[in-house]
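Knowing the structure of chain A, use the given hints to seat chain B with the ligand on it.
One-letter residues, chain by chain:
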Amino acid sequence: MISKEKVRELERFALKIRIETIRAIGHLGFGHLGGAMSVVEVLAVLYGGVMKIDPANPGWEGRDWLVCSKGHAGPAVYSTLALKGYFPLSMLKTLNTPGTRLPSHCDKNLTPGVDMTTGSLGQGSSAAAGIALGNRLKGRNNKTFLILGDGELQEGQVWEAALFAAQQKLDNLIAFVDYNKQQLDGYVRDINNLGDVRAKFESFGWHAREVDGHSIEQIWEAVEAAGEVKDQPSVIVLHTVKGKGCSFAEGIVDNHHMIVNEQQIKESLGALEEILAGEVEA
Amino acid sequence: MRVIIAKERVREKTEMRSAYCSSLIRLAQKDDRVVVLDADLMKSMGMVPFMEAFPDRAFDVGIQEANMMGVAAGLSAAGMIPYAHSFAPFATRRCFDQVFLSCGYARLNVRIAGSDPGVTAAYNGGTHMPFEDMGILRNVPDITILEPVDSVMLSNLVEQTLEPYGVFYIRLLRKNAVKIYEEGSKFQIGRAVQLREGSDVTIFATGIMVSEALKAAEALSAEGISARVVNIFTLKPIDREMIEKCAEETGAIVTAENHSIINGLGSAVAEVLAETLPVPMERVGVKDLFGEVGPVDYLMKRFELTSEDIAAKVRRVVERKSSGRD
Ligand SMILES: Cc1ncc(C[n+]2csc(CCOP(=O)(O)OP(=O)(O)O)c2C)c(N)n1
Chain A
1 MISKEKVREL ERFALKIRIE TIRAIGHLGF GHLGGAMSVV EVLAVLYGGV MKIDPANPGW
61 EGRDWLVCSK GHAGPAVYST LALKGYFPLS MLKTLNTPGT RLPSHCDKNL TPGVDMTTGS
121 LGQGSSAAAG IALGNRLKGR NNKTFLILGD GELQEGQVWE AALFAAQQKL DNLIAFVDYN
181 KQQLDGYVRD INNLGDVRAK FESFGWHARE VDGHSIEQIW EAVEAAGEVK DQPSVIVLHT
241 VKGKGCSFAE GIVDNHHMIV NEQQIKESLG ALEEILAGEV EA
Chain B
1 MRVIIAKERV REKTEMRSAY CSSLIRLAQK DDRVVVLDAD LMKSMGMVPF MEAFPDRAFD
61 VGIQEANMMG VAAGLSAAGM IPYAHSFAPF ATRRCFDQVF LSCGYARLNV RIAGSDPGVT
121 AAYNGGTHMP FEDMGILRNV PDITILEPVD SVMLSNLVEQ TLEPYGVFYI RLLRKNAVKI
181 YEEGSKFQIG RAVQLREGSD VTIFATGIMV SEALKAAEAL SAEGISARVV NIFTLKPIDR
241 EMIEKCAEET GAIVTAENHS IINGLGSAVA EVLAETLPVP MERVGVKDLF GEVGPVDYLM
301 KRFELTSEDI AAKVRRVVER KSSGRD
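Going line by line, the protein sequences match chains A and B.
Okay, so the first sequence: first residue is 1 according to my numbering, each after it adds one.
Okay, so the second sequence: first residue is 1 according to my numbering, each after it adds one.
Do not take every clue at face value.
What the hints assert, rightly or not - Below, simulated SDA-like cross-link-like pairs (lysine to any residue); rule was C-alpha separation at most 25 Å, straight line: (1) B:K175 - A:G26; (2) B:K287 - A:R189; (3) B:K175 - A:P98; (4) A:K108 - B:F290; (5) B:K43 - A:R189; (6) A:K200 - B:A66; (7) B:K175 - A:V260; (8) A:K108 - B:E292; (9) A:K181 - B:K287; (10) A:K93 - B:K301; (11) B:K43 - A:G156; (12) A:K52 - A:R8; (13) B:K301 - A:G156.
Just so you know, these hints were derived from the structure itself, not from any lab.
Chain B on its own, in the form it takes in the complex:
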């Protein structure tokens, strides 16, 4: 792992989907087992350049996600390496049994990409707004769950999915992310990245919540609260070592995710803490609610996912820590 943290957190020029497409083109050039599947969202996912470069290795199956996952399993059984995409709700809850049994239980080698996570489903509304995708898939034994935060991390992680064997879920923003890492950064699957030092509390953040967490930490430093920020981009297997270390060194934890607090990052971190070093902890995430329609900034406020929401939880957990009430 060799990480260069971006000096300025700006909207990236490269869309995440275009970084994803370019990465898959590189993988397909390197390895002729790589094939791409989609369920009528090939264009939405920006995969036209891949279709043009590898017309015989791109399969738009139509609107049939469950069939697509079963076909992906079969392709893997026959020696191919399928990358199957749909919107996150349809790539996970719509076809969970196919993913669980045909891919997972059958011990096959399949990559699943789910796009528009959480509030980023925006104008598509509640039916398309997955707050549960990672939570559902966390139940598949041995699955690897990744949530790349920007295009640099995305490209590096997708590259690393070529060699290892098993089922991978990549949770993907389609549009432009906020830049967190500089070009040339290298990541290690399963290892979290510390983005900011701090001694009073650690904020574990994933996806679009990473930049919110950094914003919160900056605001809190003015109040005299020193918040460490760690990007946990691998939900499974979770970085137990990092969680334990931060619990020990900062004594208070806040998690931040664009996902339900049930079964996502908050749950995964709480499980580790409960079994190792229980310290006061608070979760920022969607509180057992269905999605709704609207622009992302509205939805982030509506579901209490802003930097202010993080800061409020930090103040609370620091207060709990100092009053010795856990």
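If we strip away everything but chain A, and leave its shape as in the complex, we get:
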């Protein structure tokens, strides 16, 4: 069970992640806004309480690991890591600039706290299975978390990894599907429908749950329950909205990669900052 205070704390953390992410993308003028916004709550839950981490020592082997397989959500991951103190917040401004340590897609060799390099969709699933297996072989009592896009599930590699993880009984692996119903070209159901994602993972031998992916409380409780599961990997299907919480991106069709102007950034940040200051209800 998560306390009311903790929920409030993580909701505020999520707001700050959104604000920093929009600011960084706004500073550059374009970026993968939609898919960054939809993973904010799961990042807030993971880094705000669930994960065993040491920001001063990102390479600590006993830590919990995160593979953000939808690597284009990098900007949201970077804001989360900066807010947790892995590196200074001021570094967020360097997103995608020459020589940066914050490239558009996650890179384990550049960014302190990023555990795996991703960007070619599908590949993070196998890497996460390998990390979970390796951690078990090393006798580490830790977890590996994996964030997948819904469009990404169209890659066959995801399902190869799903079979493998179940066969190896990787109960130290907990995956999330950011089921925001959209991919680059449009709605997932119009392009290559996924059907019942939860049932598909169950039939692959996984423990599977579905929650509101913008509810801190529901995500937290699903992760807690998944942590208790023995001999099976777990997946939590997050029902989310692409662009969530960003006034000009939420709920529109072409919100995958957006060119943004100052006015849009100002307005969306203004709205989020008001909520943070407690002036209006979320």
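Relative to chain A, chain B with the ligand alone:
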């Protein structure tokens, strides 16, 4: 072949992707075997007009490149002519075995378009920045590899891919290219184009490096170095005759490509020279490095792909030639 060289090298108004889309619409009107496939980059590739014109012949398979190449092979086996696109890294290295076996070894008739080559992947960064796509595909027996330099060449070459049978790879800039050829130019697959006469050295260039090579040649002429510039737009089959001729007439060669120097244009030209007329040669291209994120002009400097980098290699090769040291 009938080539009209542009008087002014300006950024074209037409985006390469829109020229590609229009060409495919024309092919589809002409031949009902033509079908288009994409892996969730249909909009990025500007293919909406094709989808509207031929909704039953455009297939967005979703994010699954390997499946797309296998499906393309199957469509060809059933008598269709598929044009399958993704970003170059995902259209080549992500699904090489499907391209090699299901398309190549099975002797099927498939066209593959790979976009955002080399540094033009820019802000998508290292994971999306293919310096190896042509190098990988060069290993497929009998494949034809094309890198159109501007929209005029692109339209003409795509048109020519309709009739011949086999596997084709078209390496494509998506945005606006620098104009090299005038409207009405006609090209011949496998035959390089001489863009500028010169007697001291020949620069063989492809893709975005063609305009850099011309810039370098202009700068070098002020220093008294006469550099010939040749656009090799067919990496395979390579124009052996042209390479031999230029080696003989100019006695020194520089290659320039927005690709790794391993297995790309530099390698292909070196192979021909080594077997025919070895003359001093230098390669401009990416030197066994992974890509990184940033704007194109930064990346061109970072990976030593500018006209100055070409000029430096030219000076060096001319010096090697005159000192008789090869
Ligand atoms: C193998 C591969 N193919 C294509 C791409 C280009 N691409 C980047 S993001 C994206 C859409 C992702 O959709 P989804 O997984 O649903 O992510 P979200 O909508 O949450 O951003 C595509 C096609 C890629 N990065 N990797």
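Among all the numbered hints in the text so far, which are the ones the structure does not match? Hint check: 2, 9 and 13 fail, others pass.
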